[in-house]
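J.: Listed below are the residues making up each chain.
There are 2 protein chains.
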Amino acid sequence: MSQVELYDTTLRDGSQREGVAFSVEDKLRIVQQLDKLGIHYIEGGYPVSNPKDREFFVRVRQLHLQHARVTPFGSTRRTNRRAENDENLLALLKTEMDTVTVVGKGWDLHVTDVLGITPEQNLELIEDSVRFLTTNGRTVIFDAEHFFDGYQADSEYAMQTVEAAIRGGAQCVVLCDTNGGMMPLDVKEIVEIVHGRFDIPLGIHAHNDAGMAVANTIIAVQAGAVHVQGTFNGYGERCGNANLSAIIPNLKLKLGVDCISDEQLRKLTNVSRLISELVNLSHDEHQPYVGRAAFAHKGGMHIDAVRKNRRSFEHIEPELVGNEQRILISELAGTSAIVKKLEREYPHLDKRSPEVQRVFDKLKEAEQEGYQYEGAEASFQLLIHKTLNRYEPFFELLGFRVIIEKFLNADMPSEATIKVREPNGVVEHTASEGDGPVNALDRALRKALEKFYPSLGNVHLTDYKVRVLDTKGGTGAKVRVLIEASDGEDTWGTVGVSENIIQASWEALVDSLEYKLFKERSSG
Amino acid sequence: MSQVELYDTTLRDGSQREGVAFSVEDKLRIVQQLDKLGIHYIEGGYPVSNPKDREFFVRVRQLHLQHARVTPFGSTRRTNRRAENDENLLALLKTEMDTVTVVGKGWDLHVTDVLGITPEQNLELIEDSVRFLTTNGRTVIFDAEHFFDGYQADSEYAMQTVEAAIRGGAQCVVLCDTNGGMMPLDVKEIVEIVHGRFDIPLGIHAHNDAGMAVANTIIAVQAGAVHVQGTFNGYGERCGNANLSAIIPNLKLKLGVDCISDEQLRKLTNVSRLISELVNLSHDEHQPYVGRAAFAHKGGMHIDAVRKNRRSFEHIEPELVGNEQRILISELAGTSAIVKKLEREYPHLDKRSPEVQRVFDKLKEAEQEGYQYEGAEASFQLLIHKTLNRYEPFFELLGFRVIIEKFLNADMPSEATIKVREPNGVVEHTASEGDGPVNALDRALRKALEKFYPSLGNVHLTDYKVRVLDTKGGTGAKVRVLIEASDGEDTWGTVGVSENIIQASWEALVDSLEYKLFKERSSG
Numbered sequence: 012m013s014q015v016e017l018y019d020t021t022l023r024d025g026s027q028r029e030g031v032a033f034s035v036e037d038k039l040r041i042v043q044q045l046d047k048l049g050i051h052y053i054e055g056g057y058p059v060s061n062p063k064d065r066e067f068f069v070r071v072r073q074l075h076l077q078h079a080r081v082t083p084f085g086s087t088r089r090t091n092r093r094a095e096n097d098e099n100l101l102a103l104l105k106t107e108m109d110t111v112t113v114v115g116k117g118w119d120l121h122v123t124d125v126l127g128i129t130p131e132q133n134l135e136l137i138e139d140s141v142r143f144l145t146t147n148g149r150t151v152i153f154d155a156e157h158f159f160d161g162y163q164a165d166s167e168y169a170m171q172t173v174e175a176a177i178r179g180g181a182q183c184v185v186l187c188d189t190n191g192g193m194m195p196l197d198v199k200e201i202v203e204i205v206h207g208r209f210d211i212p213l214g215i216h217a218h219n220d221a222g223m224a225v226a227n228t229i230i231a232v233q234a235g236a237v238h239v240q241g242t243f244n245g246y247g248e249r250c251g252n253a254n255l256s257a258i259i260p261n262l263k264l265k266l267g268v269d270c271i272s273d274e275q276l277r278k279l280t281n282v283s284r285l286i287s288e289l290v291n292l293s294h295d296e297h298q299p300y301v302g303r304a305a306f307a308h309k310g311g312m313h314i315d316a317v318r319k320n321r322r323s324f325e326h327i328e329p330e331l332v333g334n335e336q337r338i339l340i341s342e343l344a345g346t347s348a349i350v351k352k353l354e355r356e357y358p359h360l361d362k363r364s365p366e367v368q369r370v371f372d373k374l375k376e377a378e379q380e381g382y383q384y385e386g387a388e389a390s391f392q393l394l395i396h397k398t399l400n401r402y403e404p405f406f407e408l409l410g411f412r413v414i415i416e417k418f419l420n421a422d423m424p425s426e427a428t429i430k431v432r433e434p435n436g437v438v439e440h441t442a443s444e445g446d447g448p449v450n451a452l453d454r455a456l457r458k459a460l461e462k463f464y465p466s467l468g469n470v471h472l473t474d475y476k477v478r479v480l481d482t483k484g485g486t487g488a489k490v491r492v493l494i495e496a497s498d499g500e501d502t503w504g505t506v507g508v509s510e511n512i513i514q515a516s517w518e519a520l521v522d523s524l525e526y527k528l529f530k531e532r533s534s535g
Numbered sequence: 012m013s014q015v016e017l018y019d020t021t022l023r024d025g026s027q028r029e030g031v032a033f034s035v036e037d038k039l040r041i042v043q044q045l046d047k048l049g050i051h052y053i054e055g056g057y058p059v060s061n062p063k064d065r066e067f068f069v070r071v072r073q074l075h076l077q078h079a080r081v082t083p084f085g086s087t088r089r090t091n092r093r094a095e096n097d098e099n100l101l102a103l104l105k106t107e108m109d110t111v112t113v114v115g116k117g118w119d120l121h122v123t124d125v126l127g128i129t130p131e132q133n134l135e136l137i138e139d140s141v142r143f144l145t146t147n148g149r150t151v152i153f154d155a156e157h158f159f160d161g162y163q164a165d166s167e168y169a170m171q172t173v174e175a176a177i178r179g180g181a182q183c184v185v186l187c188d189t190n191g192g193m194m195p196l197d198v199k200e201i202v203e204i205v206h207g208r209f210d211i212p213l214g215i216h217a218h219n220d221a222g223m224a225v226a227n228t229i230i231a232v233q234a235g236a237v238h239v240q241g242t243f244n245g246y247g248e249r250c251g252n253a254n255l256s257a258i259i260p261n262l263k264l265k266l267g268v269d270c271i272s273d274e275q276l277r278k279l280t281n282v283s284r285l286i287s288e289l290v291n292l293s294h295d296e297h298q299p300y301v302g303r304a305a306f307a308h309k310g311g312m313h314i315d316a317v318r319k320n321r322r323s324f325e326h327i328e329p330e331l332v333g334n335e336q337r338i339l340i341s342e343l344a345g346t347s348a349i350v351k352k353l354e355r356e357y358p359h360l361d362k363r364s365p366e367v368q369r370v371f372d373k374l375k376e377a378e379q380e381g382y383q384y385e386g387a388e389a390s391f392q393l394l395i396h397k398t399l400n401r402y403e404p405f406f407e408l409l410g411f412r413v414i415i416e417k418f419l420n421a422d423m424p425s426e427a428t429i430k431v432r433e434p435n436g437v438v439e440h441t442a443s444e445g446d447g448p449v450n451a452l453d454r455a456l457r458k459a460l461e462k463f464y465p466s467l468g469n470v471h472l473t474d475y476k477v478r479v480l481d482t483k484g485g486t487g488a489k490v491r492v493l494i495e496a497s498d499g500e501d502t503w504g505t506v507g508v509s510e511n512i513i514q515a516s517w518e519a520l521v522d523s524l525e526y527k528l529f530k531e532r533s534s535g
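Listed in order, the protein sequences are those of chains V and E. Numbering of the first sequence is given in my numbering, commencing with residue 12 and proceeding in unit increments. Numbering of the second sequence is given in my numbering, commencing with residue 12 and proceeding in unit increments.
Mixed in with the good hints, there may be bad ones.
Claimed, not checked - Only pairs whose alpha carbons sit at most 25 Å apart, straight line, appear in this in silico DSS-like list of lysine-lysine:
# : chain 1 : residue 1 : chain 2 : residue 2
1 : V       : Lys397    : V       : Lys373
2 : V       : Lys63     : E       : Lys373
3 : E       : Lys489    : V       : Lys489
4 : E       : Lys489    : V       : Lys63
5 : E       : Lys199    : V       : Lys265
6 : V       : Lys489    : E       : Lys458
7 : E       : Lys47     : E       : Lys63
8 : E       : Lys375    : V       : Lys63
Unchecked claim - So the derived list for chain V, only partly shown, Cβ under 8 Å to chain E, looks like this:
#  : residue
9  : Ile229
10 : Ala257
11 : His294
12 : His297
13 : Ala304
14 : Ala307
15 : Phe324
16 : Glu325
17 : Ile415
18 : Met423
19 : Ala442
20 : Asp453
21 : Thr473
22 : Val477
23 : Val490
Stated by the list, open to error - Far from chain V, by Cβ distances over 10 Å, these chain E residues were calculated:
#  : residue
24 : Pro404
25 : Val437
26 : Leu528
If you're looking for bench data, these hints aren't it; they were derived computationally from the structure. For each residue, glycine too, the CB sits at the ideal point set by N, CA and C.
So here's chain V without its partners, still in its complex pose (with noise of 0.2 Å):
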């Protein structure tokens, strides 16, 4: 089938859902993702509502991108304004991008009870804007906002949106299902139509309210548009948008488009999980293709059934999209993890050593208590390290305490205490105050150590997470810390787990300082 573009909204239309908010370093961040995994086009932003998506414009200009094209998004022009002084148009020509996106109305509804103007006059601003944007040299997208509602409630007057854009020269025109409630073979019907009158690419945005929003998609794919929008795992207000974690997949795999890479292709879970590492979300274990779970078999004859063939019970191979089959019960599959992870340092291990079993059964503990070592890497390298006896401890803990008061509306200072014993045999014991408990007790910390580590004070720490593990535990519930700590060269994650946030902490950062001792002694 031919080629398809892929147009990422994941930083505009995916930051409307609830808690959703990118910093431009963020989102300077998931552009350079979305560019490697082969994105076409990325909606970077409404720079007229918003001075931090302004800001996004000026230095993703900086940025050398392979693939993508970044645009900005706007409204059609002001109902009482031309569109050489719309404010909205010049901050779209002002962002410098050579695509730009313009949203215009669909459907009837809209136009007179929303926007109080008569449907002539919603057809003028549409060819207008779009007219004036083509006349400064950009590209234009235009968006047809509730495109199949105002379909099925006026097909004529839709259909003379569309026709409008085009007057106005707009070079691809997207049929949104704005409310997300369009049905699949309703949506293929009105495709084909539009694709049967208008010689223009056409695109689909679909959102999820009836749970349609990634069908819809591939049914209209295959009902002629060539265009595709939709956020990383599924972003978006209500229900969301279509999922393009879901969508690519299915379009290169399940109906042949070839729309990105194998190799990119390859990249697609690590860059849907970055990105809800980024927004601070848990990843949907259960999403399609790239959930932890969307390949794990639980059931006994299931994973029987699996061992004997794959294809019995796994719709794709799993590495295609960068996942990975996980085996609920079974050692298999963990063993040899390990036995990769191992064969750096230890050479001579495989699957059946016992240091490789003590390792697994030790991993095994620490993740039914919550523990995750994929963004804690060095934590699972002072793991392996100490089960294997191979691990010389820097100092020794005697003892800490925090203390944290309040009184009436003063500020409220928190104080750590701190004693360890030096390999020396000196006890250090200091204390230092902190913005918050472990801040305090961080710095209380390398306080006490610095004197004998002197290289301790290259460390910084860069990133500190918290997630609470089982939400129904309330106040008393079990957190995951993890910390990211850098010495300028190299950056680290560590985590730490603990019914106690301060005891979770506290783990995490004793591992984010003995890794970097730990490094300077192996390389030393």
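Starting from the structure of chain V, add chain E where the hints point.
T.: Just chain E now, kept in the frame of chain V:
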């Protein structure tokens, strides 16, 4: 459109999801709810593998169900047994249920590679097993496992498995997409062909590995299926089963299939949430139709439009499925959202009222500091009333102190002391230990207040979330804490923000108790 039978398998296939396990009591409670909702069949379990499932079938016979038939589930007989000696088939009979579901292989790959028998032997297994049950007076639903993959591999053989079930006397044949990888238009084509060939009611059983389970189910009905299998909230292994919470409203509101009554449909949201409560999984907020965010509006333009005409951004009326519209409060939303929030208690205010402006300014300031009220409507209510000087405090905090200690490998106690003054002037000074500092503080605060406000004894915290706002700040970063509390009747969310996690938690904790008292005072 004609009647469609709804078949729920939450209790059997749904329990294959990692982490889902039902007690017999849970199951009986769910059966009663599904019965009230008008579900026609409830698959109760797999009696041969599981003593708990056997107990369930004994106890379920004592319920007086209005609509639903409860069915046991089992495989065709073993290859080396005669039907009358097969313990699996006998276990089905022993449940004394009048309808039973039997699953058999519809894909030659499974027959040869997994069962290790010939295709002809498999046809005998199917026919034999179904006939044994029908001659024993049972109505048999036959699940043709992997039917679609089987059809694509060898359509003639797949058809023969259906024929074998029909010869055995099956009342309904269910076509299963067991691996969940089918595309909707392929499902359409295959169901139409099977429907054209056999004069037997067809069912559909879809999994969600390609994100298509709901679409494949709806399209199968449009292609002639009259029996629909799924689970609530889409629970199931890997990426889950077809989600009945989306399928039922799609059938009734979009396709006009009268599968349950209007009154029953209004229970849908409650049933979906109750089931997630019983399995102790957070209810997916973004689920179509029944999610808390399914009809939530955030962007200012959207809110404005929804106020002018609800249809503009809502594909159905949320009340039809027992859900409700939510206007999310955020800077983006603007003053019209605030007017809407205030309209019940302050009906005379409009966009230009100085009170609205004051609340808006306060909100902007709070959001600047990192507060977010989308999931914390109780804190927002308190903010409104405090800003408008309509709030009288329930207690005065004189101070608290939290101490966390760790010495050698001893357990790490957390202790909180607290001093509050109650409205009658009495000062309570008390202390508590806890699982971590926040839990200790939570307990101490309740202990201090419960004497004066005994109704706080009914409040429990159902959710506790921590988000690090600027992760780059390391351990000194600002955090946002969200708490959800419930008194058994209502559930409400509160928020706190600080560099100090204890302070942030304290704010959210206090709001959660204050809101309870405020609610009582307002209604009392």
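J.: Could you work out which earlier hints the structure fails to respect and list their numbers in ascending sequence?
T.: Hints 11, 19 not satisfied by this model.
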